[in-house]
Amino acid sequence: MPDQSPISSVNDFVVRFANVNGSGSASANELFARSILRHGVPVSPRNIFPSNIQGLPTWYEVRVTEAGHLGARGGVDLMVAMNPQTWDKDVASIEPGGYLFYDSTKPMPSSKFRSDITVIGVPLTAITNSTYTDPRQRQLFKNIIYLGALCALLDLDPKLVEQLIGEQYKGKEKLLSSNVHALHLGRDWALQNLKCPIGLQVKKSDKVGDRIFMEGNSAAALGAVYGGATVCAWYPITPSSSVAEAFTSHCKKLRHDPETGKAKYAIVQGEDELASIGIVIGASWNGARAFTATSGPGISLMTEFIGLSYFAEIPAVIMNIQRAGPSTGMPTRTQQCDIIACAYASHGDTKHVLLFPEDPAEAFEFAAQSFDLAERLQTTIFVMLDLDIGMNHRLCRPLKWDDARQYDRGKVMTAAMLDEPGRDFGRYLDVDGDGIPYRTYPGTHPIKGSFFTRGTSRDRYARYSEEGAIYADNMQRLVRKFETAQDMVPRPLQANAAKPTKYGVIYFGSTSPAMDEAIGLLEARGHQLDRLRIRAFPFHSSVASFIADHDFVYVVEQNRDAQLRQLIVNENGIDPVRLVPILHYDGTPITARFIANAIGDHQDHLKVTPLRKAVS
Amino acid sequence: MTYIAKPKFHHPGLKKNELGYTHRDYEGKISTLCAGCGHDSITASIIEACYELSIEPHRVAKISGIGCSSKTPDYFLGNSHGFNSVHGRMPSVLTGANLANRDLIYLGVSGDGDSASIGFGQFAHSIRRGVNMTYIVENNGVYGLTKGQFSATADRGSKSKKGVMNTDNAIDLVAIALQLGASFVARSFSGDKSQLVPLIAAAIRHKGAAFIDVISPCIAFNNHAGSTKSFDYVREHNDAVNRLDVLTGRDPITVEYAPGTVQVVEQHDGTRLALRKIDADYDANDRLAAMTFLQKHAAKGQVVTGLLYVDPDAEDLHAHLETVETPLNKLEAKDLCPGSAALEKINASLR
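If you're matching them up, the sequences are chains A and B in order. Using the working numbering, read the first sequence as starting at 1 and increasing by one per residue. Using the working numbering, read the second sequence as starting at 1001 and increasing by one per residue.
Be careful, since some hints might not be right.
[What the hints assert, rightly or not] Derived DSS-like pairs (lysine-lysine); straight-line CA-CA distance at most 30 Å: (1) K411/A / K400/A; (2) K1345/B / K172/A; (3) K1008/B / K448/A; (4) K411/A / K1029/B; (5) K411/A / K1334/B; (6) K207/A / K1008/B.
[To be verified] Simulated coverage check for chain A against chain B, where a stretch passes if three residues somewhere in it have a Cβ under 8 Å from a Cβ of chain B: (7) 219-226; (8) 249-258; (9) 268-282; (10) 300-308; (11) 394-404; (12) 432-446; (13) 454-461.
These aren't lab readings, by the way, just hints derived from the structure by calculation. No residue lacks a Cβ here, since even glycine has one placed at the ideal position from N, Cα and C.
Throw the hints in and build the complete structure from the sequences for me.
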């Protein structure tokens, strides 16, 4: 018996699987997460993986959370330790009173264990070796066998797991029955030899509702399909590759002409990021909706073209799935570290529109909307995901599409419009006062509406000019256009504390679930905070007024240099003292515990009298 | 990039082509390049080729990179959309434009700095993808706009205007294009319009990646003794393997050729290319032989010109991607958006 009483918790714990990369564990682990969802209990899984294909350590963490806290929690209650390489670190990471599940085929010295945890040994290798002869089968079914054992230990309903396996191997009866067999092999062994269930248990609930379980990259790619993207050019880079790959698979299902079988899209794997953005700009110049997906290093390479898009006013959509930089940084770890790099990408005076989705549902919506914005504003739109949203399955509200919705193709002059009497076409002429000029597609009219696109300065009629006044006139119009953008992009969402407070917090993107949970933890410590979730740059006027309404505003972000805070200070002329940075940047997803501790400690340091004490 | 618009009036008796356009309808603004620049002759040849083919001027998209050559699209086809993009990146911009609308004619204009140095990769990859385009490199061996630095096509041993010897090996874009699978490869000389015009016309009518390397002497920085890209040098060393006549429509072949000296190649769109052989052994349908021939003659200091290779059955990128016949930029929401019912099914599969 452990010298610490074992953790006892229903529907609220963290299981971490420690595996070896390339061992086929991913699908078994995902099956585990999905089967808990089928119990009506929300889960939040995360891949923690190395920049490697085979042989290095990889972890899969499942937070079981009836309360629906989808951010990372931190700490491990049950460690499924399948990787001898990381054993010591894995065992050390278990919470006191937690559980260790391991393959007990080979005896381990007692020094390898801890006295304050419950150790659960299952001879997985012995069971698989006595059942299977093929080495590959041994490896794959070992994963399903431990899943079976976990079913017994956590009191999962095996029927729900079987049902999932059935859906996965629909039409492949042989695989189906062998997987179900392996599942029961593990479950039966555990039931016969171990005390089941343990203190951590899953009980059926109804907290999942109609929510879906999806990766942000796939959702963003689906948003591009719904948003009418026809050209995708990309270059492989972690963690963004799965955007283009998902776009390819969505298009194969949704975008072929039913009669001819021909593709209503074109996907090109470019030779590099420069070519990818070049293809996007060429296609958009010619009237197609086009996008690329990349990550930090790719953004660096694209910056010359991004400046061209800004100055020559050509639509482009770039999905940036952020990872830790600089340089190659940590390709498989998450951060929100390209805010400044994207907001001001390229040489000269440039500013770009950024969208910050919080989860796959918003990634879908913002990706679809980004094409309307790019064509309306005739500039580059960045959809800023990160690895945490992009490459993990996240429980989110179902995707929605209004069939009455029309694409906003922006200001495009047609041949008929050019022929209207008195019509004056100037490619860079601000006819409506919103800074947005009309454009024409190549090939529109035999004698009217053509123009020469260039990155060098030109007058309102696209005629080359190096006149200072003409250059400045154009640059001022671009500022006007950026002001117009402010009211087109998704607005910030504000949620006020239960009681009036002088303190606020600003956050964005994947920090969202951890922030929501942290608010509860802070309330318990007696700290009340109003919240503002920024969803786009340029900032809506409500950002400045939110800051004005509070004495201090915390800005929570996942980078070292407080990039969003810098952008707010710079763009809104805010006194930096009023914005307190809360920064998490070790490559792991930010947690509620981290936020609550950092803000709580700061509040304590301010010698704020918690409201609760003041009242009592 | 000129300050001066060309006057629009013209002689009322100017000849018109099949579509009723005169030569003037294919012109652009007045060139701002140096007087005598080879590039202006290429501009004139492009105008001539488009006039002769009776192309609707606005159905051409002119795309270039950065440099003297890349300025030239402003000087021809004034009613076409042009795009003076980023240094070395014309091929990617053109590829994207072509994907968006397969119905236009794509004319990529680049230089040796643009295509053999900074944009060497993009040159290579657009060729290997088989983008349907006419890719013209106006090759003068120097950087003109930055005043005379060697480019990567300058021959080893050639001298700069200041007398500096180039010690780096030259990149032969024609050899590379052949190796990468370009389905139409030619070399010409800006000083030989009678050779160049039909080559441009044939390239425009070719469905696939058509590449033309045009030696185009830089009058300001590379036209001196010791240069291998000067007017005098190229005239002396020009080794034309064939002369070309482009026959469009159903016109019968009226030109008289001596028997056995003409090879007629029919392209996809019905254009026939009548190749008058100058070098009896040269076969423009044999990629491998063309590569060998080029290497042998280059070693002797000769500049091989003419239609060097053509594959009349070439396919383009759209064929490889199996895209719909309707240009992608003409597809509307009803063609592209799967709608809410399909989304409900997707939602259901994610639970």
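Consistency of the hints with the structure:
Under the criterion of a C-alpha separation no larger than 30 Å, the hint pairing K411/A with K400/A is consistent with the structure, at around 27 Å. Annotation: proposed proximity of K1345/B to K172/A holds, straight-line Cα distance about 22 Å (limit 30 Å). Annotation: proposed proximity of K1008/B to K448/A holds, straight-line Cα distance about 15 Å (limit 30 Å). Taken as a hint, the K411/A and K1029/B pair is honoured in the structure, with Cα atoms around 27 Å apart against an allowance of 30 Å.
Taken as a hint, the K411/A and K1334/B pair is honoured in the structure, with Cα atoms around 20 Å apart against an allowance of 30 Å. Between K207/A and K1008/B the alpha-carbon distance is near 74 Å, which puts this suggested pair outside the 30 Å criterion. Closer than 8 Å: that is the beta-carbon criterion, and the segment 219-226 of chain A has 3 residues meeting it against chain B, so the requirement of 3 holds. With 3 residues having a Cβ less than 8 Å from any Cβ of chain B, the segment 249-258 of chain A passes the three-residue criterion, so the hint holds.
Under a criterion of three residues with beta carbons nearer than 8 Å to beta carbons of chain B, the stated coverage of the segment 268-282 of chain A is upheld, 13 such residues being counted. Evaluation of the coverage hint for the segment 300-308 of chain A: fulfilled, as 3 residues show C-beta separations to chain B shorter than 8 Å, against a requirement of three. Coverage of the segment 394-404 of chain A by chain B holds in this model, with 6 residues showing a Cβ closer than 8 Å to a Cβ of that chain against a need of three. Restraint check on the segment 432-446 of chain A versus chain B: 7 residues with Cβ-Cβ distances below 8 Å, three needed, restraint holds.
Remark: the segment 454-461 of chain A is confirmed as covered by chain B, as 3 of its residues place a Cβ nearer than 8 Å to a Cβ of that chain, reaching the required three.
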